Amino acid sequence: MGYDLKMRIWRGDVDGGELGDYTVEVSEGEVVLDALHRVQATQAGDLAIRWNCKAGKCGSCSAEINGKPRLLCMTRLSDFEESETITVTPMRSFPVIRDLVTDVSYNYEKAKQLPAFAPPARDEDGKRRMAQMDVERGQEFRKCIECFLCQNTCHVVRDHEENKPAFAGPRFFLRYAELDMHPLDTHDRRELAQGAAGLGMCNITKCCTEVCPEGIKITDNAIIPMKERVVDRKYDPLVWLGSKIGLRTKDNDGRSEV
Amino acid sequence: MFRGQDASCRPEAGRAPFAFRRDGARVVPITHGINQAEVAMASTEAGVRGPTRARIEGRTLRSDRWWLYPLTTFVVFTAFVVYATIRAFQGSHYYAAPYLSPFYSPCLGDCVEGSSDFGQPFGWWPLSAALIILIFPLGFRMTCYYYRKAYYRSFWLSPPACAVAEPHTKYTGETRLPLILNNLHRWFWYAAVLVALILTYDTVLTFRDADGDWGHMGLGTLVFLANIFLIWMYTLSCHSCRHAVGGRLRHFSKHPVRYRMWTWVSKQNAHHARYAWLSLFSVAIADLYVVLISSGVFDDPRFF
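Same order as they appear, the protein sequences are chains R and S.
Letter 50 of the first sequence, counting from 1, is numbered 50 in my numbering, and no numbers are missing.
Position in the second sequence counted from 1, then plus 1000, gives you my numbering.
Mixed in with the good hints, there may be bad ones.
Claimed, not checked - Listed below are the simulated DSSO-like cross-link pairs for lysine-lysine, each with C-alpha atoms no more than 27 Å apart in a straight line:
{"#": "1", "chain 1": "S", "residue 1": "LYS1170", "chain 2": "R", "residue 2": "LYS143"}
{"#": "2", "chain 1": "R", "residue 1": "LYS57", "chain 2": "R", "residue 2": "LYS112"}
{"#": "3", "chain 1": "R", "residue 1": "LYS112", "chain 2": "S", "residue 2": "LYS1254"}
{"#": "4", "chain 1": "S", "residue 1": "LYS1254", "chain 2": "R", "residue 2": "LYS143"}
{"#": "5", "chain 1": "R", "residue 1": "LYS143", "chain 2": "S", "residue 2": "LYS1149"}
{"#": "6", "chain 1": "S", "residue 1": "LYS1170", "chain 2": "R", "residue 2": "LYS234"}
Unchecked claim - Covered stretches of chain S, as calculated for chain R (at least 3 residues, CB under 8 Å):
{"#": "7", "stretch": "1044-1052"}
{"#": "8", "stretch": "1060-1067"}
{"#": "9", "stretch": "1118-1127"}
{"#": "10", "stretch": "1165-1175"}
{"#": "11", "stretch": "1182-1194"}
{"#": "12", "stretch": "1240-1250"}
Worth flagging that the hints you see were computed from the coordinates, not collected in a lab.
Computed from a predicted structure; not experimentally measured.
Every residue, glycine too, gets a C-beta built ideally from N, C-alpha and C.
Could you put together the complete structure from these sequences and hints?
Written out as structure tokens, the structure reads:
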């Protein structure tokens, strides 16, 4: 059952642009990306869109639909009224390249600043071991597809460009948390997370969690636990006193600060 | 295809505060030469209407009712703060045997007869006895990870909702005073556990009648039971509690008991916001119930 969908699509580049009106025939079961592809095929051959898998797994087609950061390929047209106009813009936190394509290199710069996983020496039989329940905790964080919708929606950089040098963003707090919880990692990343990555700038308003297409509980399971770990390291006099008199948790044995 | 990357080709925009310059194979952030005064001209000039961003006028293009959550939160929290402030300073109608208002428990000041179960070490305190102890539950809620989200969104509009530009030109988050004090949450959690224990004691005492005989129950007992259940669920579902019981570990496998506790707290933690709201209502209702009984609006219906 096809119908004519009214769309407003942002067209332009860094020198300027505007929302253009398009009407395109769509059919049942389609997603916003399908509609955009039909616009591209029939009306605007030069419309720039970054996309790849069309299955919500590559993290390429991040954009904003009716003002909400979402994946174009995972937003069903059936979520909207047939009479509703769907507005599609590029992500508004990153420099625009053209039309719906933005330059997300900020995120790759931040990724480079994060020290990699640093496992200890292997066991005598040449293997490394961790228990299943320890593996499970980090599995949630491995679901991240790096669509950077969380980075895009985070007001710390979305509304304050000047914070970008000092703030790594939710996607990388997720990585800090994953590694800090990892039983085999030998780095203590708490100081780094609070200092260089700017964890203290996060005010846990949970927008990263709201927009995550993988449903990762970024705030509750990564950022807040990481903040609590930083408190252990920096703001908890009892833990500090304990470490001074030799009372400390053995859980952190074998780790050193990076 | 990185045309337009160099913001200097747009003289009217000035230099982008944070952009990337192509340098052979490397991408190098340009962070020098930021003119903060220029950046801070209008709240969105350094944000969604910044020189490198897609040129879109609106602070947000969201068409749903995104303002409903911050507005509701603002109205309800403000109403609670007004009610709690009045009650805290009132210094009367907080005890109607056997019910002691949770705002005044433990009653450590110059309290009415029968209400001080833990003595009156602050008997010299000239103001309302509630003011001595309210700092603990208040501090616990002010530094709570859920309430922080709620008040940053509703009262400080930072941000009012996701993908809605905030009105502030500068933002430092929780890196400076006073907001860095939110890192003290676990200290208030320790205090909150004590407060919850005392409120539990008060609830046990409601199984007496007005003369102090045990084995009785009234409608107020149910109000207090509901309140103490919600207070405990709110206190135990706290993120700091979750961290303390097991979240801080790296090796769950070496701590099976703490792992089980962490698993249980994690489950409750998912409902932390709900318990934050419900316990806020229940504590106000328990207090209001005591006010109504003690001022004689109606008599506590006794069951047995």
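Checked hints:
1. LYS1170/S with LYS143/R: This hinted pair is violated, its Cα atoms lying about 33 Å apart.
2. LYS57/R with LYS112/R: holds (22 Å)
3. LYS112/R with LYS1254/S: violated (33 Å)
4. LYS1254/S with LYS143/R: holds (26 Å)
5. LYS143/R with LYS1149/S: holds (25 Å)
6. LYS1170/S with LYS234/R: holds (25 Å)
7. 1044-1052: Holds, because 7 residues of the stretch 1044-1052 of chain S bring their Cβ atoms closer than 8 Å to Cβ atoms of chain R.
8. 1060-1067: Coverage by chain R holds for the stretch 1060-1067 of chain S (5 residues, Cβ < 8 Å).
9. 1118-1127: violated (count 0)
10. 1165-1175: Coverage by chain R holds here, the residue count being 9 at a Cβ distance below 8 Å.
11. 1182-1194: Per the Cβ count (4), the hint holds.
12. 1240-1250: holds (count 7)
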